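**Q** Each chain, written out:
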Amino acid sequence: MPKKYHIPTKTAPPRFHPVGKYTTVEFRENCAGSCRMCVKKNCVYNIFTENMLHASTMAEPEYLYTCMSCFRCIQECTRGIFSRAINPDYRTLGDDYWCSDILHRLWYQAHTGKVPVSGAGYRGPFVAPGFDSMWTDMSEIVRPTRDGIHGREYINTCFELSRRVTRLEFNPDMSLASAVPPILELPLPLLFRLSPDLMINEHLLVPMARAAQVLGTLMFVRPQDVTPALSPYAHSLIPCLTEADFKEHGAMIGNSRVVELADAPGIEKVFNAIRNIQPEILLMVGIPLDSRAASRAADLSLTGVDSLHFYADEHGNELNAASPRFLKEMVREVHLKLVENSIRQKINLVFSGGIAMAEHMAKAIICGADAVTADHALLIALECRLCGRCRDGLSCPVKLDEPLDMQWGSARIVNLIGAWQNQLLELMGAMGIREARRLRGEVGRSMWFEDLEREHFGPLFGERKVSGLG
Amino acid sequence: MRNGSKVKVTVFHCINVFSEGDSRLAAKGENVELKFVRLPCSSLVKDVFLLRAFEAGADAVVVLVCPEGACRYVEGNLRAKKRVQWVRSLLDEIGMDGNRLALFNLPPGDSSDAKPIIQKVLAQIGTTPQAELSDRPPAGQA
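Protein sequences appear in the order of chains C and Y. So the first sequence is numbered by the working numbering: it starts at 1 and just counts up by one. So the second sequence is numbered by the working numbering: it starts at 1001 and just counts up by one.
This is chain Y alone, in the form it adopts within the complex (with noise of 0.2 Å):
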């Protein structure tokens, strides 16, 4: 993160997940810039475009995906499970720390139930430096 500037973090998003992002999801005040990449299946989050999100400025990347076993084509969520793992061990492999790209699964309703997970994600790459960001991931975190 840039001191100064605004954390921008990326959100990729099954659209049966919910339809529309809304930038407000970040708290009133929060030096925040939330970018929503709308997806037909999460299944569609190719390893490339995680990366070109980190390269377009991105200081956190997150994946939002249907729960498991309840994907409408069959395996897309756990398609990009595996995908965003890999991504993952990419990051960690050129020392970007691969906790800056996570995946969680939730239940298809509107965007205000990413809220605390968009909560979670700026708490920990807000306040903890790059390097001393925590192993440990989130519960139902990839």
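Chain C extracted, bound-state conformation (with noise of 0.2 Å):
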């Protein structure tokens, strides 16, 4: 059995206090621990404890970042006297996609590289836009062995970047008559890349870099972006060249493994160019996820591309549109058109813009992705409050315009796809699928709210007259 894949996580705590979530609100003053079995004292996640130091600096109100909502404490307090608040400034973090939750679960993961816990359970709506109206089918879930994820038997996350050859030739000496072109494979299907839309520097750009070495996967960078605090990471870069631009950039095709291209009219026609600076080099055409990217998609597959990535907004909407699409809705389409013209087996589709969580790497892999980038969540790892502040011009609260310790940036990272794959290993394991390309374009382990909507409530009430979720 070969050597399970395993990412090593190790504590990572922030540098500035996270905007907790929780505040404990004393409904009399006639306590003071007098009852001696205070139950700040006996909290399972040890939070109170943990908060200490922060609370001794008294610069806010008792706000609690590591609370698990189990209200252990509410419940059994002698006194009754405690209730939970939320923070105000929490309510107000990050965006409607990007939300206060989002960010809060991130920072967490980025901390301890554990999958999040919620004692008080979801408490969300049924369903909402987005991944949220799609559930996976986790109707093979078994009791988990003794050793948790890591006692199952292997689950394969990997995924290539490389083109395939879907028909072997042989010579009659039985010998490989068929060019088999370079296999890229990666271990987890998702990729990093830092959004220009927020901050982008080197001190950023190192700790990703050094992360993305660490976890065997790739990392976007502008060749702008690149600096000599980078080369020891050449490797696991992929330069984003124009057709205009791959010209200049020829060192650093030469020390990649990927390299990719803006689409632009017969983009096709400098991969050549492209491989003659580097034949062992993997071609990647970067395409804005619009209206015609499924038919460019099908184009470009003609041609000697590997891999597809396609550029949605950060929130994963469609570009260029009035009323734009989902990314699981484009997904699909993309995948679909390629299967319809018999070419999807041979090349890989990544997908950017709007991957918030783990479960977001398998629903978009379900919809037909190969694999998926973190962008915002590798910002918020490091910290990040979505704030934009730094689009205007102005100093970033947690300080990631300033130098950062690379050590700490990384282990946050690595903590944070740490908990993103131990996520991936249970939601494939509860569906039964041991094998991430196993798990690309299978809707059938999946379950579509507008699908059920209409089986369900079809016959009875018609169909649905306002379009979109209610």
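Honestly, the hints are just simulated from the structure, not real lab data. Quantities reported herein were computed from a predicted structural model and do not represent experimental measurements. No residue lacks a Cβ here, since even glycine has one placed at the ideal position from N, Cα and C. Keep in mind that a hint or two might mislead.
For the chain C half of the interface with chain Y, some residues (derived, Cβ under 8 Å), not all of them [claimed, not checked]: (1) T23; (2) V25; (3) E29; (4) M58; (5) G80; (6) S83; (7) I86; (8) N87; (9) P88.
When the alpha-carbon atoms are kept at most 25 Å apart in a straight line, the in silico SDA-like pairs for lysine to any residue are as follows [said to hold, decoys possible]: (10) K1035/Y / A59/C; (11) K1046/Y / V19/C; (12) K1046/Y / A55/C; (13) K1046/Y / M52/C; (14) K1081/Y / S56/C; (15) K1035/Y / S395/C; (16) K1006/Y / G393/C; (17) K1035/Y / L93/C; (18) K1046/Y / L394/C; (19) K1082/Y / T57/C; (20) K1046/Y / P88/C; (21) K399/C / K1035/Y; (22) K1115/Y / T92/C; (23) K1046/Y / N30/C; (24) K399/C / R1052/Y; (25) K1035/Y / D95/C; (26) K10/C / H104/C; (27) K1035/Y / L394/C; (28) K1046/Y / G393/C; (29) K1082/Y / E29/C; (30) K1008/Y / D245/C.
Since each chain comes alone in its own frame, lean on the hints to assemble the complex.
**A** Okay, structure coming up:
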């Protein structure tokens, strides 16, 4: 049995106290721990002790960042004076897509490298737009083994970035006659990309590149962002070039395993020129995820490209559309177009934008992606609050515009991806799928709200008059 | 108050009074900087936070709480009132004038309800030299 791919996580505490979700409100003042059985001492997650150092600065009310909302303290207080309230600043974190709960959970995962849990359970709506209107079929779930997810049989999360030959031909002496292109297999269906919408600087790119190297994945970089500090990680970088500037970056192409070219009419004409610089290079084309994406994918798949990389916006929406469709519909459209043309098996599809949680990775693969990219999630792992001050040229509240400890930064990102990998293994184990490549396009392992509604309520109430989710 | 600079007022408010502070609460043309500190309950106003606001340069600090008997957490506003009174006595003791700190009960609504209160506080600290600030608190004030 091959050695299991394992991500080494190590606690990496935040540099700045994160915006905590809960605080404890005491109904009355007649307590002061006089019962000597104070629930604050008995917290199973030890959150009050952990928060003590921060609370002692008296900089803000006792907002608890690591609270799992099990509410044991409220239940067990001998005087019954405890209540939980939500920090008002917490509610305003992020935006409607990158909401406070997502930020909070990403911080926690980057801190601990553990799968987030919530004692209060899921109290959100039954269905919501985007990936929340799609459920994975967990019918194969079984009692976890004694060793948890690591005790399960091998689950392979690899995917390929290299083009595949669909048919092998042999010479009469049984030697291989087909030209087999180079193979590049990555251990996790996740690539890195720092979005230019927010902050990009060397202090952020170096720890991310290091984390990519540790994890065995790759990171997209713009050539203007590549500095000598990134040269030790050149093997883990995918330079994003254009038809116009690729000749200026010959050295970068020579050091890379994969290069991305921005889509342009006749882009396939430069593939040979790049392969002349580095014959083993894998080619990827970056395409905006708009209404023409599927037909463009079908055209490009007939050329010598290895993978296609589609860019949605930061919320996972279609670009250049008055009423944009979400990533899952767009992935589906591109995937099915290639299936229809019988060329899906040859190339790989990578999607960027809106991947905020581990489940989004699995759901995008179910829709038909081979891999996705983490963008804002990487910045959030480094404590970004998505306040948008950097967009206005203002200082960063968590000092991401200043040098940061590379070891700490890469540990935070490795922790986050370690937690995501564990969740992917949980999901795949529960779905009864042992191979990420087998999950691709496997919509039979998912349920979609629109379909369920149509099948179950359609016969009773007729067709939905209002498009979208109510 | 420093001559030539903006008057700084820090407003601590319970989110059950209003959820979002509006910096336009000061009348147009007034040289005022309002800073809002949202709290889940006014009982989380600790004396040190009030003093920190002064330390950070506030000319006045206003605490807006729910009406008595209407606190979601039973006694939160009463506890805030006690703390405000305690800090006012501290301010008096060190010669900073306790009237620069005030607490008002406001019914739940939007932040525009706080406008007359802010105006009243501004009028008080803006027109009266620090040493001559009135001892008489406005209606509803602790």
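**Q** Hints first: check each against the structure and report whether it holds.
**A** Status of each hint after checking the structure:
1. The interface hint given for T23/C holds, since its Cβ lies 6 Å from the closest Cβ of chain Y, which is under the 8 Å cut-off.
2. For the restraint placing V25/C at the interface with chain Y, the shortest Cβ-Cβ distance is roughly 5 Å, inside the 8 Å limit, so the hint holds.
3. At its closest, the beta carbon of E29/C sits 6 Å from a beta carbon of chain Y; the interface hint therefore holds under the 8 Å criterion.
4. Hint status for M58/C: holds, given a least beta-carbon distance of 5 Å to chain Y, under 8 Å.
5. Checking G80/C against chain Y: minimum C-beta separation of about 11 Å lies over 8 Å; hint violated.
6. A cut of 8 Å between beta carbons decides the hint on S83/C: the least distance to chain Y is about 6 Å, and the hint holds.
7. Hint on I86/C holds. Least Cβ distance to chain Y is approximately 6 Å, under the 8 Å limit.
8. For the restraint placing N87/C at the interface with chain Y, the shortest Cβ-Cβ distance is roughly 6 Å, inside the 8 Å limit, so the hint holds.
9. Interface restraint check: P88/C against chain Y, minimum CB-CB distance 4 Å, threshold 8 Å, status holds.
10. Restraint check for K1035/Y and A59/C: satisfied, since their Cα atoms lie roughly 16 Å apart, inside the 25 Å limit.
11. For the hint pairing K1046/Y with V19/C, the CA-to-CA distance comes to about 19 Å; that is within 25 Å, so the pair holds.
12. Restraint check for K1046/Y and A55/C: the C-alpha separation of about 12 Å stays at or below 25 Å, so the hint holds.
13. With a C-alpha separation of about 16 Å, the suggested pairing of K1046/Y with M52/C holds against the 25 Å cut-off.
14. Using a Cα cut-off of 25 Å, the hinted pair K1081/Y and S56/C holds, with the two alpha carbons roughly 23 Å apart.
15. Straight-line distance between C-alpha atoms of K1035/Y and S395/C comes to about 19 Å, which keeps the hinted pair within the 25 Å bound.
16. Note on K1006/Y and G393/C: the hinted pairing holds, with a Cα-Cα distance of about 24 Å set against a maximum of 25 Å.
17. Taking the CA atoms of K1035/Y and L93/C, the gap is about 18 Å. The hint holds against a cut of 25 Å.
18. As the CA atoms of K1046/Y and L394/C are separated by approximately 30 Å, the hinted pair breaks the 25 Å bound.
19. Proximity of K1082/Y to T57/C is assessed by CA-CA distance (about 22 Å); at most 25 Å being required, the pair is judged to hold.
20. Distance hint between K1046/Y and P88/C is fulfilled; the C-alpha atoms sit about 17 Å from each other, no more than 25 Å.
21. At roughly 23 Å between alpha-carbon atoms, K399/C and K1035/Y fall within 25 Å of each other, so this suggested pair holds.
22. A hinted pair counts as satisfied when its Cα atoms are at most 25 Å apart, and K1115/Y with T92/C qualifies at roughly 23 Å.
23. Between K1046/Y and N30/C the alpha-carbon distance is near 17 Å, which keeps this suggested pair within the 25 Å criterion.
24. Between K399/C and R1052/Y the CA atoms are separated by roughly 23 Å; this keeps the pair inside 25 Å, and the hint holds.
25. For the hint pairing K1035/Y with D95/C, the CA-to-CA distance comes to about 22 Å; that is within 25 Å, so the pair holds.
26. With a CA separation close to 19 Å, the supplied pair K10/C and H104/C stays within the 25 Å bound.
27. For the hint pairing K1035/Y with L394/C, the CA-to-CA distance comes to about 18 Å; that is within 25 Å, so the pair holds.
28. Simply put, K1046/Y and G393/C have alpha-carbon atoms about 34 Å apart, too far for the 25 Å limit, and the pair is violated.
29. For the hint pairing K1082/Y with E29/C, the CA-to-CA distance comes to about 11 Å; that is within 25 Å, so the pair holds.
30. For the suggested pair K1008/Y and D245/C, the alpha carbons sit about 53 Å apart, so the restraint of at most 25 Å is broken.
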